[in-house]
Amino acid sequence: MNEAIVSRGLVKRYGRRKALDGFTLAVPMGSITGLVGRNGAGKTTWMMSVAGFALPDSGEISILGSGPFDARRHGGKFTILPQDSDLPNEGRVRSLLLHYARLQGLTASKAAASADSLIDAFNLREKANALIRSLSHGMRKRVMVAQAFLGEPEVVMLDEPLSGLDPVEADRLRSFILAHRGRTTLVISSHQLDDVEKLCTHVAFVANGKVERMETMRSLTSGTGRIVYALRSRPASIAELESSCPGVRIAAAADGLEVTFSGDISIEDVNTVLLPRLLEFGVVSVTPGRSLEEAYLAQNVRS
Amino acid sequence: MRTIRAALFELAGAMRTKRALVLILLYLAASLLGMNGAISALGKMEDQLAEVLQVERAPNGKSGVVSAALWKSKPFQRLVRGAVGDSLVYDDIVGKHPAELLYAWIVFLSVPLLSVLVSSRRVAEEIRSGSAKYALLRVTRLEFTLSKYLGQAILMLVGLLLGAVGAWCVAAFRLSGADLPALFPAMLVWSVKAWFLSLAWLGLALGVSHFFKSGAKADAVAILMMIAWFAVPAVLRAYATGPVTGKFRILVMLFPSAVTDSLWRSSFLPVANAAVWLLMIELLWLSFGHMFFARRDVR
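From first to last, the protein sequence lines stand for chains A and B.
Counting with the numbering used here, you get residues 1 to 303 for the letters of the first sequence.
Counting with the numbering used here, you get residues 1001 to 1299 for the letters of the second sequence.
Because the hints were derived from the structure by calculation, they are not lab data.
Hints may contain errors.
Said to hold, decoys possible - Here are the simulated SDA-like pairs of lysine to any residue, each with C-alpha atoms no more than 20 angstroms apart in a straight line:
1) B/Lys1217 to A/Lys18
2) B/Lys1213 to A/Ala130
3) A/Lys18 to B/Arg1299
4) B/Lys1018 to A/Gly15
Stated by the list, open to error - Short derived list, chain A residues pointing at chain B, Cβ under 10 angstroms:
5) Asn2
6) Val6
7) Gly9
8) Thr45
9) Ala54
10) Ile80
11) Gln83
12) Asp86
13) Glu90
14) Arg94
15) Leu96
16) Thr107
17) Glu126
18) Gly225
19) Ala253
20) Ala254
In this text, all values refer to a predicted model and were calculated from it rather than measured experimentally.
By construction, the Cβ of each residue, glycine as well, lies at the ideal position given by its N, Cα and C atoms.
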């Protein structure tokens, strides 16, 4: 079994609107897969369908090769951080985590160990006995994320995990997620493309209720014939520079130049020719490839 | 096991939720005040009777002595028999201490509203807030429904037993001539009977709660159904005759109020029959709710 989650041809209608329109995606085991798409593209609906909260009209879902979500089969192995879902207000942080851990089938000692380690991991020790309703939005969010990792599940889906967190806690969560790379299969839906790029090994572009493109992050961002040079000043003649390096196209970018070239020319070859000529203009940085945001916007503009 | 664990969490949650706690406290206050008020009214009635009959009141001024004697009067027995309507029920309650019957009346009267108000928004609110999702990752929807029901049922049992203790304390303080040690278990028995009644109303209210995503709507529909099923049979009994009432009686049997009369009986069989019927009504309504819940999105 190479896939943690497989969904084929998933359709979900709300009235006449199709929230999912043949959503097909295979999430590789051990990957961190980012879902990227506009509001209403179908990311959350797909996650809700996989978790069994939304019941699809047609299509297939299989989690860990054992069919659609069933708490008896998947409880403790598959979890989710659902979007816009409050925890029980009257619960206390530690007792709530303990309760969920016990419901997953953990023994009392394992449940306590898991809850305590997550309380520490998410910097909630001081609030361990606080009522959920007394917590700030960011703290609640941390408890919500923590519950998704109780008992070391095999597959975790996180819907907008970093929204609402302060920069320090967001960084802590990024490190936590990266520490799970390879151990846990993670699916992350986020509009923060920088974060998706830093965290994910795979990315799926979602639009109109279906996956339009699924690639590894590496092939999407660094496997392209593109270099951006940030310069203190821009050369007077871009055409002259272009003629010095056959096969490349050079265009003015915000703080320098954007160089694009075909796949048979290597990044090293272009740098060898262009960099010495650009030194006199003050090279601030050289960024090969393109960011996820650029790749996404390019795809989106095309579609 | 997960259902029991979730039910205990539901019970703790219900206790921590101010609404349930306030309602139970209100019920306790109502049963204590009701008991106290009823005993005061009984005392006044006894004073007047003692004056008319030229008999002596209890030397300590407490209530109950004249009433206990009154039960032995044949004309009074005929009067009560006429008021009760059902001669079997009358036979079972005749001779019981007024305090016991007053408690039973208070508890049967308050249980439907209390059960409905305590439970009708539990599931709807969790669907609205999204907190149901965290549980549904770990328990099936059936386990979720059963845990809500069990948690609320335990809460009602605790509330009703506490009510019996409180009412007995009031009776002990205010009544004279009553066999207080015998009165306490009798009140507990009425509480347990009322609990069976509450199970059916809980089933109805929780069943309704599964259909909604708004606690206020679930409350409103459950209360309307409760009122309808007290009012409609009464109206039909008064105005309709023949096959209309016959057909309607079957529908009426789907509601807990249909078997309340049997709970007034003392003998085991009619009470057991009523308890079984109430459990069936509870299962029916809970099943309606669950069947809808099992096929709905929890978004």
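Can you verify the interface hint for A/Ile80: is its Cβ closer than 10 angstroms to any Cβ in chain B? 7 angstroms, holds
Using 10 angstroms as the Cβ threshold, decide whether A/Val6 counts as touching chain B. 19 angstroms, violated
Mind checking the CB of A/Ala254 against every CB in chain B and telling me if the closest is under 10 angstroms? For A/Ala254, the interface hint is violated, since the closest Cβ of chain B sits about 41 angstroms away, which is over 10 angstroms.
Holds or violated: is there a CB of chain B closer than 10 angstroms to the CB of A/Glu126? Check failed: Cβ of A/Glu126 comes no nearer than 21 angstroms to chain B, outside 10 angstroms.
Restraint satisfaction for A/Ala54 [CB to CB of chain B, less than 10 angstroms]: This hint holds: A/Ala54 lies near chain B, its Cβ roughly 5 angstroms from the closest one there, short of 10 angstroms.
For the pair we were handed, B/Lys1213 and A/Ala130, check the Cα-Cα distance against 20 angstroms. Distance of about 28 angstroms is beyond 20 angstroms: violated.
Tell me if the interface restraint on A/Gln83 is satisfied: Cβ within less than 10 angstroms of some Cβ in chain B. Given a least distance of 9 angstroms, the restraint on A/Gln83 holds.
Taking the closest Cβ pair, is A/Thr45 under 10 angstroms from chain B? At 9 angstroms from the nearest chain B Cβ, A/Thr45 passes the 10 angstroms test, so the hint holds.
Proposed interface contact between A/Gly9 and chain B, which counts if any beta carbon pair is under 10 angstroms: Check failed: Cβ of A/Gly9 comes no nearer than 19 angstroms to chain B, outside 10 angstroms.
Please verify that hint: A/Asp86, Cβ, nearest Cβ of chain B, below 10 angstroms or not. 4 angstroms, holds
Given the hinted pair B/Lys1018 and A/Gly15, is their alpha-carbon gap at most 20 angstroms? Violated, at roughly 37 angstroms.
Classify the hint on A/Leu96 as holds or violated, based on whether any CB of chain B lies nearer than 10 angstroms to its CB. 8 angstroms, holds
Going down the numbered hints, you'll see the structure goes against 1, 2, 4, 5, 6, 7, 14, 16, 17, 18, 19, 20, while the others check out.
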